[in-house]
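A.B. asks: What follows is the residue order along each chain.
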Amino acid sequence: MKKFIFSSISILFLILIGSVMAGEISVGSVTPLTGKLAVYGEGFQQAMLLAVDEINAAGGIKGNTFKIVFEDNNSTSKGSVSAIRKLITIDKLPLIFGPAASSNFLAVCPIAQENKTILLGAESAAAAISKCGSYVFRVFPSDLLQGIGVAELTNFLEYKEVVLTYVNNDWGVGLAEVFKTEFTKAGGKIIDELPHGEGKTDYRSEILRMKSKNPKAIVNLTYIKEGATILKQAYETGLNVQWLMGSASKSPKLVELAGKASEGVIGTYPTFSQETSQYKAFKTAWDKKYPGKKTPIFGEYNYDMVKLTALALQSAASYGSDDIKAALMKVSKGYIGTTGDKSFDENGDVGASYGRWTIKDGNITDYK
Amino acid sequence: MTIYYVQLLTNGIIAGSIYAMFAVGLAMVYGVFKFINFSHGELITWGAYLTLMFSSPLFSLPLYFAVIPALVITVGIGLAQDFFVYRPLRQSNPIAILIASIGLSYLLRNVIRLCWGSDLQTFDLTLSRGLIFWGIYITKTQILMMLSALLFFGILYFLLTKTLLGKSLRAVSDNMELSSIMGINMKKVTCTIWVLASVFAGSGGILLALDTNLDPMMGMNNLIKAFAAVLLGGAGNIWGALIGGLFIGIAENISVAFISPDYKDFIAFGLIFILLLFKPRGIFGIAGGVR
Chain A
31 MKKFIFSSIS
41 ILFLILIGSV
51 MAGEISVGSV
61 TPLTGKLAVY
71 GEGFQQAMLL
81 AVDEINAAGG
91 IKGNTFKIVF
101 EDNNSTSKGS
111 VSAIRKLITI
121 DKLPLIFGPA
131 ASSNFLAVCP
141 IAQENKTILL
151 GAESAAAAIS
161 KCGSYVFRVF
171 PSDLLQGIGV
181 AELTNFLEYK
191 EVVLTYVNND
201 WGVGLAEVFK
211 TEFTKAGGKI
221 IDELPHGEGK
231 TDYRSEILRM
241 KSKNPKAIVN
251 LTYIKEGATI
261 LKQAYETGLN
271 VQWLMGSASK
281 SPKLVELAGK
291 ASEGVIGTYP
301 TFSQETSQYK
311 AFKTAWDKKY
321 PGKKTPIFGE
331 YNYDMVKLTA
341 LALQSAASYG
351 SDDIKAALMK
361 VSKGYIGTTG
371 DKSFDENGDV
381 GASYGRWTIK
391 DGNITDYK
Chain B
287 MTIYYVQLLT
297 NGIIAGSIYA
307 MFAVGLAMVY
317 GVFKFINFSH
327 GELITWGAYL
337 TLMFSSPLFS
347 LPLYFAVIPA
357 LVITVGIGLA
367 QDFFVYRPLR
377 QSNPIAILIA
387 SIGLSYLLRN
397 VIRLCWGSDL
407 QTFDLTLSRG
417 LIFWGIYITK
427 TQILMMLSAL
437 LFFGILYFLL
447 TKTLLGKSLR
457 AVSDNMELSS
467 IMGINMKKVT
477 CTIWVLASVF
487 AGSGGILLAL
497 DTNLDPMMGM
507 NNLIKAFAAV
517 LLGGAGNIWG
527 ALIGGLFIGI
537 AENISVAFIS
547 PDYKDFIAFG
557 LIFILLLFKP
567 RGIFGIAGGV
577 R
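Heads up: the sequence lines are chains A and B, in that order. All residue numbers for the first sequence refer to the numbering used here, where the first residue is 31 and numbers rise by one. All residue numbers for the second sequence refer to the numbering used here, where the first residue is 287 and numbers rise by one.
Note that these hints are calculated values from the structure, not bench results. Where is the CB? At the ideal position from N, CA and C, for every residue including glycine. Don't take each hint at face value.
[As the list claims (entries may be wrong)] Using 25 Å as the maximum straight-line C-alpha spacing, the simulated SDA-like pairs for lysine to any residue come out as follows: (1) 246(A) x 422(B); (2) 426(B) x 499(B); (3) 108(A) x 392(B); (4) 280(A) x 422(B); (5) 283(A) x 399(B).
[Claimed, not checked] Far from chain A, some chain B residues (derived; all Cβ distances over 12 Å): (6) 351; (7) 377; (8) 379; (9) 454; (10) 495.
Kindly generate the complete structure, drawing on both the sequences and the hints.
C.D. replies: Encoded structure:
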């Protein structure tokens with residue numbers, strides 16, 4: 031037994047010495063490698079590893095090798111909490127890339143804030159994340175901006191009076207609030223406002239109420255399943271309006287579920303130019319490392335997040351989280367990544383430009 | 287404006303008739319075996335998914351024919367539930383049987399996830415505008431839902447009141463031991479109950495899926511409404527379950543005209559709460575039994 035304890039301690043010691051000797055600088059990442067988001071998680075990881083390769087090829091961080099310690103979260107909030115606790119308490123990492131899905135991200139952000147660990151997100155959109163605290167950042171635009179985007183779209187299409195409906199959860203309510211403020215500020219009028227429940231199968235009575243107001247356009251801020259059901263049942267009920275939606279319903283699944291009822295929907299989504307030199311460089315590097323593989327959803331955001339982190343670590347006065355945080359704020363100013371300007375504001379959010387989508391002949395295309 | 291309310295009422299009746307179809311099996315099982323079957327919701331889901339399976343490539347049966355093998359297998363699942371789980375536990379603690387039904391519900395739901403995934407599925411039906419009767423919109427699927435509910439409840443009424451099997455079913459629910467002493471074939475009665483419960487749940491599930499989508503949680507989500515309908519009608523009472531289902535469907539749909547639609551469940555359940563305060567045994571307040 032004694033021998034066992036002794037050898038364990040020596041191995042642990044050697045590992046510790048080894049990691050210092052090798053000159054490694056590590057950050058953590060809570061990534062969905064198993065569970066329902068695993069299909070996306072693999073792509074996030076590949077995009078992050080591409081950035082790591084480039085950073086190390088260019089000399090690493092102050093001569094040290096840059097490394098990401100990946101922890102799986104099984105795509106759940108519970109798994110995310112265990113993963114981040116391990117990265118903070120056992121690996122003692124000052125900076126962690128947060129998990130995908132806003133609910134998972136929101137589950138870990140109080141832990142990061144409490145432990146003064148920097149948390150960076152690349153795909154979580156909920157507006158509530160802006161209020162997570164001073165150690166939380168994201169390179170993906172907040173839904174707040176999307177609310178403004180939909181209001182602008184409504185004005186652009188010259189709808190002065192609309193019915194507003196939204197999915198009744200943190201995300202939907204937050205998004206609807208922003209839309210309302212922006213739309214009424216520009217002189218628009220909301221003739222009826224009704225939240226709809228998440229995951230229901232029958233929205234006919236809600237649709238009837240919308241129909242009773244005779245709107246020309248309905249702003250429907252919702253997800254794919256709810257969106258498809260509403261579109262389908264509205265079509266059956268003979269409701270002929272222009273539907274305006276957000277990016278959360280922009281999916282071929284919406285077309286599959288709602289069929290021709292989804293024809294002509296117009297919506298907004300966060301976008302970036304694929305013509306910039308930054309994007310082209312990313313695309314070339316991607317094709318070289320992963321030949322024949324399509325760039326994954328949000329891959330560009332993950333790549334930007336890692337690149338920006340490396341820049342901050344380069345210029346940080348020390349490897350402590352407060353120094354890295356200060357450096358992160360500084361280097362982000364005016365930083366143009368593959369997904370555009372990544373300057374953090376005081377909430378750790380970035381700006382965005384919005385594209386417009388529509389469904390034409392059963393395909394999702396850009397609205398012009 | 288009156289049309290608006292009539293339309294809401296129509297929607298309520300349609301939704302209610304589906305709730306009633308889910309509730310009737312629950313009420314029957316409770317009436318005879320005196321336990322709430324939590325895995326009843328999964329019979330709803332299985333009915334729908336099996337129809338999808340038989341109408342998709344590999345079998346590619348037309349939808350109307352796909353329903354037949356789907357219902358046969360759903361009935362098989364219902365009977366298997368009884369044979370493998372509930373029958374061995376019949377003499378044990380009621381808590382054991384309740385927990386077993388919760389476990390069974392998880393098992394059956396996750397097998398669906400394993401086979402078809404968690405993602406939404408849909409029957410590939412062509413979408414069409416609803417038919418208009420005096421200004422009221424109603425789709426063909428909704429008409430089918432109402433007609434099926436009428437037909438099923440009609441057959442059930444006939445079975446329970448005019449046949450010997452139905453009469454023995456009612457006798458068993460009144461007093462199981464006495465009925466068996468009197469020579470009623472218990473096996474036959476037990477089988478009939480599970481067959482009826484599975485057919486009602488499976489058919490309701492298929493109709494609901496035709497009207498909307500399929501997802502593994504569809505049974506579980508509707509089970510809550512079915513429970514409420516059973517409680518409201520008086521536990522164990524089939525006709526109470528029918529009235530209870532219709533009441534909930536109508537109350538929640540009419541309430542949309544007055545309050546924010548997302549609180550429609552609140553209205554329905556609030557009314558049930560008040561009603562049960564005054565009539566704790568439900569509308570048809572009896573101690574139990576299939577009437």
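A.B. asks: All hints are to be evaluated individually against the structure, with a verdict given for each.
C.D. replies: Right, here's what the structure says about each hint:
1. 246(A) x 422(B): 21 Å, holds
2. 426(B) x 499(B): It holds: about 16 Å lies between the C-alpha atoms, which stays within 25 Å.
3. 108(A) x 392(B): 20 Å, holds
4. 280(A) x 422(B): 32 Å, violated
5. 283(A) x 399(B): Given pair residue 283(A), residue 399(B) holds - Cα atoms ~18 Å apart, limit 25 Å.
6. 351: Nearest chain A Cβ is 23 Å from residue 351(B), so the label holds.
7. 377: The assertion about residue 377(B) holds, with a minimum of 38 Å to chain A.
8. 379: 31 Å, holds
9. 454: Nearest chain A Cβ is 37 Å from residue 454(B), so the label holds.
10. 495: Non-interface label on residue 495(B) violated, nearest chain A Cβ at 9 Å vs cutoff 12 Å.
In this structure, the earlier hints numbered 4, 10 are contradicted, and the remaining ones agree with it.
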